[in-house]
Structure formats: C-alpha cells, structure tokens
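J.: Read off the chains here:
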Amino acid sequence: MRVMANVAMVMNLDKCIGCHTCSVTCKQVWTNRPGTEYVYFNNVETKPGVGYPKRYEDQEQWHGGWALDKKGRLQLKAGGRLRKLLTIFYNPDLPTIDDYGDPWTYDYQTLIEAPLGTRNPSAHSISALTGKDMKVTWGSNFEDDLAGAPEHAAGDPNLAGLQERVRMEFEQVFMFYLPRICEHCLNPSCVASCPSGAMYKRAEDGIVLVDQDRCRGWRMCVSGCPYKKVYFNHRTGKAEKCTFCFPRIEAGQPTVCSETCVGRLRYLGLFLYDADKVLDAAATPDAQGLYEAQLSVFLDPHDPAVQAAAAQAGIPHDWIEAAKRSPVYELAVRHKVALPLHPEYRTLPMVWYIPPLSPVSDVVDAAGYDPDRPDAVFATIDALRIPVEYLANLFTAGDPAPIRRVLRKLAAVRAIQRAGQLGLDLDEDLPASVGASADELDDLFRLLAIAKYEDRYVIPPAHAEEAGRLMGQHEQLFCSLDTEGGPGMGGEGPGGHGIRSYRPTGTPGAGQTFAAEDGRTRFNLLGWDGRSPAPGLFPEGEAS
Amino acid sequence: MTNATTAQIFWWVALPYLTLGVFVVGHVWRWRYDQFGWTSRSTQLQERRLLKWGAPIFHYGTFAAIAGHVIGVLIPERWTHAVGIPEPVYRWFSAGAGTLAAVLVIGGITVLATRRLFVPRVRATTAGIDYVALVLLLIVVLTGIAPTIGVNLLGHGYDYRATVAPWFRGLFSGSPDIQAIAHAPLIYQIHATAAWMVWGVWPFSRLVHAWSYPLWYLWRPYIVFRSRKATHPNEPGTGGRKWRKIGVPY
Ligand code: SF4
Ligand code: SF4
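Order-wise, the sequence lines are chains G and F. Going by full-length UniProt numbering, the residue at position 444 of the first sequence is 444; the numbering climbs one at a time, nothing skipped. Going by full-length UniProt numbering, the residue at position 129 of the second sequence is 129; the numbering climbs one at a time, nothing skipped.
Worth double-checking, as some hints may not be accurate.
Cut-off 16 angstroms, straight-line C-alpha distance, at most; resulting in silico cross-link-like pairs (EDC-like, lysine to aspartate or glutamate) [said to hold, decoys possible]:
#, chain 1, residue 1, chain 2, residue 2
1, G, K324, G, D303
2, G, K324, G, D211
3, F, K52, G, D280
4, F, K229, G, D93
5, G, K324, G, D300
6, G, K277, G, D300
Since the hints were made in silico from the structure, they are not lab data.
Work the whole structure out from these sequences, hints included.
T.: Put into structure tokens, the structure is as follows:
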C-alpha cells in the first residue's frame with residue numbers, strides 16, 4: 001500500500017442552473033489573456049449536446065485517453081510512444097480552433113466614432129486570431145439551453161445506443177447542465193502523452209499542471225486528454241490547463257469556480273488512495289467495472305491501518321484529519337451517490353458528479369405522480385429509462401444499475417424530507433430499500449441540501465513551513481507579498497518572526513536603552529522615531 | 001591561405017566563425033533566459049489541412065537532407081574511397097538520394113511557406129524573425145536543390161567534395177581552404193553563405209525547437225510526478241538565471 005492524497009471535486013448536478021458564473025469567474029482569473037480567448041478551463045455544457053470542443057466525448061474520433069490492447073494491457077488510445085514521436089509534426093487527433101469556436105470580439109470603436117446619421121451603427125465581429133472581420137458560426141456555449149438542438153444535439157456521442165424514437169422525445173422533455181473542469185485524473189493520459197515531460201502530477205495533492213518552461217508546444221497532451229481539458233495557447237505556443245486554482249487550494253481556499261458557484265453545488269476535499277492499485281484499476285477489462293475499480297483504489301481514512309500508512313508516507317496529520325471529514329469521500333464512497341464522468345476513458349477522473357434527479361421527477365409530476373406514495377418515485381425512475389440510459393453513458397460506461405441506485409437514494413432522501421414536512425406517514429423500510437440507514441440519509445440530506453460552506457469545502461492548507469518550497473515547483477504566477485493583509489496589499493504581513501515581532505515598549509516614539517555586553521549603556525535604534533532624545537547612541541566611557 | 005583578399009577572408013573565414021559564435025552564445029543565452037519562449041509555436045490549431053502534408057514532408061525531407069550533408073560534406077572523399085565506394089557509385093547515389101530529399105524539402109517548404117504567407121490565421125502568428133528565417137531557409141533550399149538536380153543529376157556533375165567540403169571541414173580544424181570555396185560556382189557560394197546566416201538567426205527564431213525533439217519520451221515512465229523541492233522560485237521563463245529583458249510582460 002502506497003498512500004497518496006488527491007484533492008477532488010464533486011458536483012451535484014441537481015442544483016446547477018446553468019448560469020455560467022463558474023466559467024466567467026474562472027476566465028477572469030486564469031484565461032483573460034491573448035492566446036487564451038477560446039479557452040475555458042471551466043465550461044458548462046447543456047446536455048444533450050455535442051459539447052466543447054465538438055464531440056469531444058467520441059474517442060473513436062479523437063483517440064483521447066487510454067484503451068486496452070489485444071493482450072489487455074493499458075495503452076494510450078492514440079498509439080504508443082514511437083507513433084507519437086513520428087506524428088509529432090502533424091498530430092492527426094488535434095481539434096482545430098473551429099471545433100472550439102473561432103474566438104471573436106467586436107469592433108466597438110465604430111459605435112463610438114460613427115458620424116451622426118439616421119442609421120444605427122453596428123459593431124462588427126472581429127476574429128481574435130487575425131483581427132479581421134469574421135462571421136461568428138460557433139462558440140463554446142452555442143448549444144446553451146438546447147439552442148440549435150434539433151440540428152446539433154443528435155451529434156451527442158452519449159446518445160449512441162439510444163433508440164431513435166427515444167432520442168426525439170428525450171430532446172423535448174429533458175435537459176440538464178454539465179459543468180466541466182479538468183479531472184485531475186489519477187492516471188492522466190495528458191501527462192502520459194506529453195513527449196517533453198513538461199506535464200506532471202503533484203505528488204502532494206495530485207493537481208495536474210503544465211510546466212510552462214518545459215512545454216515545447218508538441219500539443220500531444222491536447223489530443224491525449226479525452227475530456228479535452230488541455231488547451232493550446234496560440235500566442236505563446238504552449239499548452240495550458242485548469243490548475244485546480246492551486247494557489248488557493250494551497251491556502252486552504254476553494255477553487256474560484258467552487259467559491260463563486262451560484263448553486264453552491266461543488267464540494268472539495270481529499271481522497272486518500274493507494275497508488276499501487278491505480279494501474280490495475282485502470283486496466284480493468286470490463287469498462288463497466290471501472291467505476292467499482294476506482295472505488296477500490298480509494299482508502300478509508302477512518303481505518304487506523306490506512307492512517308498509519310499515510311503518516312508513514314509523509315502525509316501530514318492535519319491532512320489525514322481533513323481526509324476523514326472529506327465531503328467528496330462521503331459522497332463518492334460512503335453514500336455512493338457521486339459517479340465519475342466517463343470512467344471508460346480509463347484515466348480515473350477525480351471530479352465526480354451526482355446525477356440529476358429533478359427533471360425525472362418533474363416529468364413524473366406531469367404524469368400524475370402521487371406524493372403520498374413515495375415508492376412511486378422508484379417506479380417512475382425505472383419507467384423513465386431514457387435518461388437513465390443517457391446518464392449511464394455519461395457516468396458508468398453504459399451500466400444503468402448504479403445510476404438507478406443513486407437516483408433511488410436521492411429520491412428516498414426527498415421522500416423522507418417531504419414526509420417530515422407534510423406530516424405524512426413514511427414506509428419504515430424506505431431507507432433500507434436503498435441500502436442506507438435513516439441516519440445516513442439524514443447526513444446526505446444535510447450535505448446535499450443544507451450544504452454549509454464548511455461542509456462543502458474541507459481543504460487542508462499546504463504546510464506553511466513548506467510554502468516557500470512549493471513556489472519552487474512551478475512558476476511564480478503571483479506576487480507572494482500580495483496575500484490578503486500582506487505587505488503587497490498595504491498590510492503588515494504576518495507577524496511572529498524576526499523584526500516584525502518586535503514591538504517597542506515604554507514611551508511611544510522613544511527608543512530603548514539597554515546594557516550592552518561590554519558594560520556600557522547603549523541605545524536600541526529599533527522603534528526610535530528619529531526626533532526624541534537618543535541617550536547612549538554614541539556610548540561614552542571605556543568598554544570593560 | 002596565400003593570395004586571399006580581405007574580402008575573401010571576411011566572407012569565408014570571419015563570417016562563418018562569427019555566425020558560429022552567435023549560434024553558440026545565442027543558444028546559451030536563449031536557453032538560460034527564454035525557456036518560456038522555447039517552443040515549436042505550432043499553428044496546427046489554426047490550420048490543419050495544409051500542415052498535414054507540409055509539415056511531415058518538410059521535416060522528414062530535412063532529415064534526409066541533413067543526412068546527405070553529413071555524408072557529402074563532413075565525411076572526406078578519401079574515406080568513402082577507403083571503404084571501397086567508387087566515385088560513380090557515390091555520385092549516382094548522392095544525386096539520386098539528394099534529389100529525393102530535395103523534392104521532399106522543396107515540396108514541404110512550399111506548402112508551409114504558402115500557409116504561412118497566405119492563410120490569415122497562420123500569418124497573424126508570424127513574427128519578424130520568422131520571416132527572416134523563412135527567407136534564408138528558402139534561399140538555402142533553392143540554392144541547394146538547383147545544383148543537386150540541375151548539375152549532379154541531369155548535368156555533368158560537380159565535385160563539391162573537392163572544394164566546398166574541405167573548406168567547411170577546414171573551418172572546424174582551424175585551417176579553412178579559402179581558395180577552394182572562393183573558386184566554387186556561385187550557387188554553392190550563395191548556398192554556403194545563406195546557410196551560415198541561418199546558423200546566425202537560429203537561436204533567436206523558433207528553429208530552436210529542433211534541439212528539443214523529445215527522444216527521451218521513448219524511455220521515460222508515462223506518468224510524471226513532481227514533489228516539492230526546497231528551492232527558490234525561478235524568475236518566470238528564465239530557468240533560474242534571472243536574465244530577463246526589462247519590461248517583458250509576463
Ligand atoms: S482531465 Fe485533466 S488530468 Fe485528466 S487527462 Fe485531461 S487534462 Fe489530464
Ligand atoms: S456557477 Fe454553479 S450553478 Fe452556475 S453554471 Fe456554474 S456550476 Fe452551474
């Protein structure tokens with residue numbers, strides 16, 4: 001057992017309202033620079049839809065992630081190392097800018113400078129790539145709220161295997177949002193694809209980063225990531241990706257997308273996992289077994305043996321404590337309501353999702369759902385096979401059983417709360433029928449519905465004594481003095497050490513005299529205001 | 001070195017050494033100061049149809065051409081004689097393989113130059129130094145191909161191994177044969193001069209990516225982990241040497 005820690009996220013899709021606040025705040029913080037106009041480290045997709053970039057989920061087209069070769073060994077889907085080196089001059093699997101959407105801005109100047117006239121001036125769209133006029137045809141969120149769905153949504157790879165009739169109804173009755181960031185995978189194919197070795201996973205917290213100084217622009221990571229969450233900066237010629245807001249995480253703060261999420265649906269915490277089991281899990285023969293396989297990689301932080309092994313592996317005590325309170329562990333392992341996105345890519349992703357229930361219930365409502373009989377919830381979940389299959393294509397490589405189990409559990413939580421509020425009788429066996437105790441379902445309710453800030457984010461800060469060292473690992477992306485209250489922000493910075501901890505005593509403005517080692521009375525300049533008398537500044541008498 | 005004029009000495013001795021010096025010092029400087037700018041600066045994101053053909057053909061053609069120069073210029077004639085390769089065989093091999101490489105290189109560079117100049121998205125990413133490098137490369141390629149095809153393949157042949165090659169090797173052994181190169185046909189002279197200029201601009205252009213061909217990838221483990229190290233943070237983009245232009249925006 002080789003214990004490692006990985007920060008992870010869970011998103012509760014039930015609560016996402018598709019407001020894109022997360023995308024916007026992320027963009028403002030990380031990608032508001034030339035060359036990254038088209039880049040969204042965090043984007044929100046409407047499902048069903050082709051996604052961003054177009055059809056990224058279809059690995060038969062893009063060859064991202066891992067696959068098993070004929071002997072069952074794990075291989076990069078795009079081919080081995082030699083093939084990568086031979087195709088380095090032209091990467092056959094790289095999406096073009098048009099698959100993401102040609103970035104544009106507007107010629108606002110004409111609005112301001114247009115001469116007086118009867119016609120309203122209009123601002124042309126200008127390509128951010130060439131600075132020339134362009135026609136806007138596609139963008140990262142062109143399918144928002146099923147816009148253009150009749151034309152495009154059929155191209156959603158997750159609809160594969162669903163019957164034609166089902167598809168059409170599906171588009172009419174159902175949609176939900178899927179916010180996406182980099183998965184900070186346990187077995188990241190982007191890192192494996194990078195020929196320069198510029199991409200790495202941080203041993204301490206599992207965050208996957210690109211070393212900007214070592215990236216040589218070979219762009220294999222972009223095609224290697226099945227989630228297409230590494231982007232090519234067309235100005236600098238280097239790859240960039242979601243950083244999991246590591247400067248914030250190191251300070252114990254949630255990522256920007258989580259902090260600003262309007263639905264408060266993101267959870268952050270630690271997983272302890274057994275690094276020795278990762279490759280075996282990723283090589284699980286049956287793709288539908290990958291979800292369970294990944295669960296088996298996670299370690300129980302409450303297990304004393306795990307704690308001892310973690311401590312031995314150098315994981316600090318407060319991190320182990322944080323892992324015990326980790327909301328992502330609770331949701332993914334204890335309650336088993338969170339599921340990985342596309343486990344079949346075999347990267348063992350670390351951003352998990354609680355599948356959405358609401359639209360299912362809503363449809364049921366319309367069909368005459370009876371709140372007096374909460375059991376009916378189950379019947380309806382099973383009756384509504386369409387979304388279950390679709391969700392299964394997203395989260396369980398097509399296996400509907402886990403989806404059904406999760407949705408039942410979520411429905412049971414609701415039924416119990418509803419019964420409590422309305423004073424209805426409740427079937428005693430309801431919790432047991434979803435494989436949980438009443439207390440567990442109550443915990444789940446608190447975590448999902450009350451969702452207090454301190455329950456959603458349990459992030460142990462990187463160790464202060466190592467703060468300076470952490471900076472040595474990556475580029476200094478911000479001024480280290482600019483922390484809140486730090487000297488760069490007009491504050492005094494942290495106290496406690498050296499000169500900062502010295503506070504003059506006695507008369508304000510007056511310095512202190514003290515008996516020096518040589519026996520003479522001397523003056524301590526520290527704290528002197530420069531005007532008051534300074535006895536002993538030039539000591540008199542013989543040194544003893 | 002008798003009877004060499006000052007101009008000849010400058011052109012065939014001083015200039016090569018100068019560009020060689022710039023080449024070496026420039027690379028040391030760039031490596032230390034500009035890791036962040038050290039990239040192939042690929043434009044595949046913006047344009048892929050032309051690149052699909054142009055880039056592989058050009059690069060593989062260039063590898064062939066470089067191999068040809070190693071055989072033809074770096075290896076002395078008497079060595080090939082010593083291992084028993086008769087002159088006509090060598091000549092036909094050199095003309096044949098050279099022509100193949102030449103066709104690949106010229107085909108590739110035509111496609112690449114076309115997209116760089118005429119595809120607006122690609123052109124927008126092109127810096128001044130890229131145009132300089134491109135023009136020099138075009139000169140080198142054209143003046144290299146013309147004698148290969150025109151003289152060695154179709155014509156009566158010209159034994160550059162008796163003139164250009166000794167001069168070139170002489171530069172590295174410290175006794176360049178100026179007369180040999182000075183009396184070579186003009187086209188070889190232009191070829192050699194432009195080649196030196198390419199060496200001169202090399203460290204300042206995107207050509208540096210050639211040194212980063214990641215062969216090491218064949219042996220390294222797939223997943224790279226990095227742990228914290230007790231070091232000072234580097235000045236961004238400098239590899240830690242704190243050489244940095246004032247006012248660089250990042
Ligand atoms: S999701 Fe993130 S860590 Fe996983 S392969 Fe893609 S870029 Fe790498
Ligand atoms: S901010 Fe939250 S609610 Fe809004 S789109 Fe992003 S994840 Fe959904």
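J.: None of the hints should be skipped; say for each whether it holds.
T.: Hints, one by one, checked against the model:
1. Restraint check: the Cα-Cα separation between G:K324 and G:D303 comes to about 10 angstroms, which is no more than 16 angstroms; the hinted pair holds.
2. Taking the CA atoms of G:K324 and G:D211, the gap is near 32 angstroms; set against the 16 angstroms cutoff, the hint is violated.
3. A C-alpha spacing of about 37 angstroms is found between F:K52 and G:D280, which places the hinted pair above 16 angstroms, so the restraint is violated.
4. Distance hint between F:K229 and G:D93 is unfulfilled; the C-alpha atoms sit about 35 angstroms from each other, more than 16 angstroms.
5. Taken as a hint, the G:K324 and G:D300 pair is honoured in the structure, with Cα atoms around 8 angstroms apart against an allowance of 16 angstroms.
6. Taking the CA atoms of G:K277 and G:D300, the gap is near 14 angstroms; set against the 16 angstroms cutoff, the hint holds.
Of the numbered hints listed earlier, those contradicted by the structure are 2, 3, 4.
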